[in-house]
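A.B. asks: Using the sequences and the hints given, assemble the complete structure.
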Amino acid sequence: MIRLLLAGLLMFAPVIALAKGGDGVVNHTTAPAALDPAKAYLLFRSSTAKSGMINIEHIFLRIPTDAEIAAYRSAKEAAYAADLPKLTKKAKDGKPPTIDEYAFAYEGPVNAFAVDAGDFLEDGAMRSFLVEVPAGTYILYGVSVGGRGITACNCLGTVKFAARAGVITEMGSLFADKVHKESPIPHLEDNLGPSMFAYGFTLGQALVPAADGLARPASLGALPLDIAEYHAVGLFPEPGADWINRLAPVPGILGYERGRVIDLRTGKPAE
Amino acid sequence: MGGRSIRGATLILAAAISGGQVAAQDALPDPATISVPDIAPSADPKVQKEGYKFFFFHNPAVSFAEAYADIAECRSFLVRDGVTTLPTFRPWVEPVKRKPQGYSAGSYGLVGAAMASIIVPKLERGQRNNKLRRCMQPRGYARYAIAETDWDRLNDGDEATLVAMQAKLASGPKPATTEVGE
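Taken in sequence, the protein lines are chains A and B.
Quick note on this note's numbering: the first sequence kicks off at 113 and runs consecutively.
Quick note on this note's numbering: the second sequence kicks off at 65 and runs consecutively.
The hints are simulated quantities; they were obtained by calculation from the structure and are not laboratory data.
No residue lacks a Cβ here, since even glycine has one placed at the ideal position from N, Cα and C.
Please note that the accuracy of each hint is not assured.
Looking from chain B toward chain A, a few residues come up when the C-beta cut is under 8 Å (computed) [stated by the list, open to error]: (1) Y116; (2) T152; (3) G190; (4) Q191; (5) L226.
C.D. replies: Here it is as structure tokens:
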């Protein structure tokens with residue numbers, strides 16, 4: 113009965129017509145003849161698990177540039193100033209929210225996105241993706257059912273890597289699935305317990321970095337390529353996530369010690 | 065705080081503040097002054113049966129201060145601020161507080177609203193419980209069943225008081241009941 117009601121409730125969710133990916137993010141379904149020297153390219157293989165009939169997709173966050181952060185702050189300050197009279201009038205105790213407490217919807221360029229699982233370079237048990245993105249440092253941010261929301265963030269630990277312009281960054285392989293019970297998808301921290309299904313699935317993600325001998329699409333053979341260098345990332349908040357989880361441990365890169373994220377390159381807690 | 069990064073700690077603290085949560089850096093209360101529910105095993109079999117919904121954490125290896133820090137940090141992840149739609153912008157270096165959207169019955173009117181009123185509280189409790197479990201269990205905490213009314217007392221009210229009560233139970237005598245397993 114509850115599941116039926118939940119299914120009904122999900123029907124009420126607002127229809128969102130935004131394009132996936134966002135600013136400067138393009139999934140290549142055929143290999144480019146040459147790379148745009150101004151863009152970076154992420155190459156990875158991904159498991160193909162679904163939740164029901166909906167693809168489970170990987171979420172990336174590009175750490176914004178100083179200019180992007182400045183633009184965000186400026187827009188927030190302007191919106192706050194414009195709303196302050198209304199906020200003051202509404203405040204029951206006469207104290208409007210501070211700018212840090214101010215709920216702000218930013219309309220500027222985006223830096224967090226899910227990669228559309230249906231737009232791949234090569235199909236197979238592990239699909240290959242080539243995603244054109246702005247150059248920068250990327251975080252494996254979480255996992256999404258359908259790519260429209262943050263179903264699970266890697267708020268309890270993850271990794272980041274740099275992607276240079278004009279080069280393909282070989283990430284290795286990504287895995288994702290529901291993890292309340294044992295998953296057929298390897299490398300995940302799964303079997304967390306049946307009650308971790310609570311009116312919605314807890315999702316998990318895993319990374320296997322590129323190793324010697326990893327096969328790449330032959331069509332990319334002539335293009336310049338870097339191997340991603342991963343670094344551990346510590347806890348971070350994501351109040352828009354339905355669930356929280358962590359990227360599964362990555363030998364030599366990402367470890368955990370009593371809930372703390374350990375940078376296994378240094379043996380120290382991650383920043 | 066342990067060795068958690070300064071940046072991460074700052075963000076979590078900021079998120080905690082923006083969501084009305086307390087942070088591990090707050091002054092530690094005296095556990096002797098904290099009143100907690102009775103955790104003696106209940107004679108009602110329903111309590112144990114529903115332990116996966118109504119529970120508290122316990123770890124035999126932590127002090128009150130450690131439990132307080134762990135619970136405050138993990139409860140900071142309970143801050144929920146509407147529904148995020150991707151793609152989006154995340155400033156990453158500062159907390160995000162977006163315009164709350166919440167669930168809506170949309171154009172389904174009273175029937176939709178009635179269904180939402182049934183589902184949403186259960187959904188939210190499940191999400192909150194699972195977030196806490198995912199954060200606390202790797203730190204060595206196990207769950208023990210507690211009556212729903214006591215669970216309400218441990219989870220509804222002033223955040224600093226809730227953290228203090230849960231920390232006292234978490235670091236107190238080992239419960240006489242079996243752990244919640246599922």
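A.B. asks: List in ascending order the numbers of the hints, as given earlier, that are violated by the structure.
C.D. replies: Hint 5 contradicted; others consistent.
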